[in-house]
Amino acid sequence: GAGVSQSPRYKVAKRGQDVALRCDPISGHVSLFWYQQALGQGPEFLTYFQNEAQLDKSGLPSDRFFAERPEGSVSTLKIQRTQQEDSAVYLCASSPHRAPYEQYFGPGTRLTVT
Amino acid sequence: GQNIDQPTEMTATEGAIVQINCTYQTSGFNGLFWYQQHAGEAPTFLSYNVLDGLEEKGRFSSFLSRSKGYSYLLLKELQMKDSASYLCAAPYGGSQGNLIFGKGTKLSVKP
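Top to bottom, those sequences are chains A and B.
In terms of my numbering, the first sequence is residues 1 to 114.
In terms of my numbering, the second sequence is residues 1 to 111.
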């Protein structure tokens with residue numbers, strides 16, 4: 001079956017631009033997670049949804065970062081006024097269970113801010 | 001605080017056995033995960049240990065000691081395709097939705 005998909009796979013933005021990253025989780029998966037992964041590092045948690053409810057957003061680095069999952073399926077991570085330090089791979093993961101069970105990761109969106 | 005430590009890099013020979021260690025400090029322990037991540041790809045789930053002891057799954061085994069805050073991933077009969085980063089992760093936070101990952105151990109398998 002289809003896995004987690006993310007789009008775009010690559011995004012280049014000029015500093016100050018707004019970007020929107022999309023995640024399509026596996027159909028029927030209750031939980032959805034966003035992570036940020038810098039080169040050579042492990043993923044760092046950003047935020048977690050259970051259905052449409054955002055249960056944890058403690059990892060969002062600033063108020064420029066905003067995530068939503070309005071219908072409990074597709075999610076969008078929006079970054080406003082991008083900065084160079086936002087350059088990273090943004091990973092989305094979904095899980096059929098309520099946390100903390102196995103998470104299935106998408107291929108990620110590589111964001112480069114110039 | 002929450003902390004997960006694992007070695008940065010390891011090298012091993014094709015056909016050999018390698019053990020990748022992970023030590024962790026988390027509040028409200030609720031299991032430990034191992035993920036594999038090939039360069040440029042998404043992490044894929046390998047194992048989840050909640051109870052102490054060794055769990056075997058084919059060529060891969062994972063061990064947990066909760067009292068010592070210690071886990072390891074054991075890879076047997078190494079193949080070239082096992083060259084990847086191996087990530088140790090533990091759930092954290094009130095929602096238990098937050099996974100704290102280690103920085104990953106980059107394993108290079110040589111012929």
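Among the hints, a few may not be true.
[What the hints assert, rightly or not] Below, a sample of chain B positions facing chain A; criterion: calculated Cβ distance under 7 Å:
1. Ala16
2. Gly58
3. Arg59
4. Ser61
5. Tyr72
6. Ala84
7. Leu87
8. Phe101
9. Gly102
[What the hints assert, rightly or not] Heads up, incomplete: computed chain A residues facing chain B, CB under 8 Å, no partners named:
10. Tyr10
11. Gly28
12. His29
13. Gln41
14. Phe45
15. Tyr48
16. Ala53
17. Ala88
18. Leu91
19. Glu102
20. Pro107
21. Gly108
Note that these hints are calculated values from the structure, not bench results.
These numbers were taken from a predicted model, which means no experiment stands behind them.
For each residue, glycine too, the CB sits at the ideal point set by N, CA and C.
A quick look at each hint next to the structure:
1. Ala16: violated (25 Å)
2. Gly58: Check failed: Cβ of Gly58(B) comes no nearer than 17 Å to chain A, outside 7 Å.
3. Arg59: Since chain A brings no Cβ nearer than about 19 Å to Arg59(B), farther than 7 Å, the hint is violated.
4. Ser61: violated (17 Å)
5. Tyr72: Nearest chain A Cβ about 17 Å off; hint violated.
6. Ala84: Ala84(B) check fails; min Cβ-Cβ to chain A is 13 Å, beyond 7 Å.
7. Leu87: holds (5 Å)
8. Phe101: Hint on Phe101(B): holds, closest Cβ of chain A at ~3 Å, below 7 Å.
9. Gly102: holds (5 Å)
10. Tyr10: Since the shortest Cβ distance to chain B is 11 Å, the answer is violated.
11. Gly28: For Gly28(A), the interface hint is violated, since the closest Cβ of chain B sits about 17 Å away, which is over 8 Å.
12. His29: violated (13 Å)
13. Gln41: holds (5 Å)
14. Phe45: holds (5 Å)
15. Tyr48: holds (3 Å)
16. Ala53: violated (10 Å)
17. Ala88: The hint is violated - Ala88(A) has no Cβ within 8 Å of chain B, the shortest such distance being about 14 Å.
18. Leu91: Holds: closest Cβ of chain B sits about 7 Å from Leu91(A), inside 8 Å.
19. Glu102: Status holds, d = 5 Å.
20. Pro107: Because about 5 Å separates Pro107(A) from the closest Cβ in chain B, which is inside the 8 Å limit, the hint holds.
21. Gly108: It holds, given that the least Cβ distance between Gly108(A) and chain B is near 6 Å, below 8 Å.
Hint compliance for this structure: hints 1, 2, 3, 4, 5, 6, 10, 11, 12, 16 and 17 are not met, and every other hint is.
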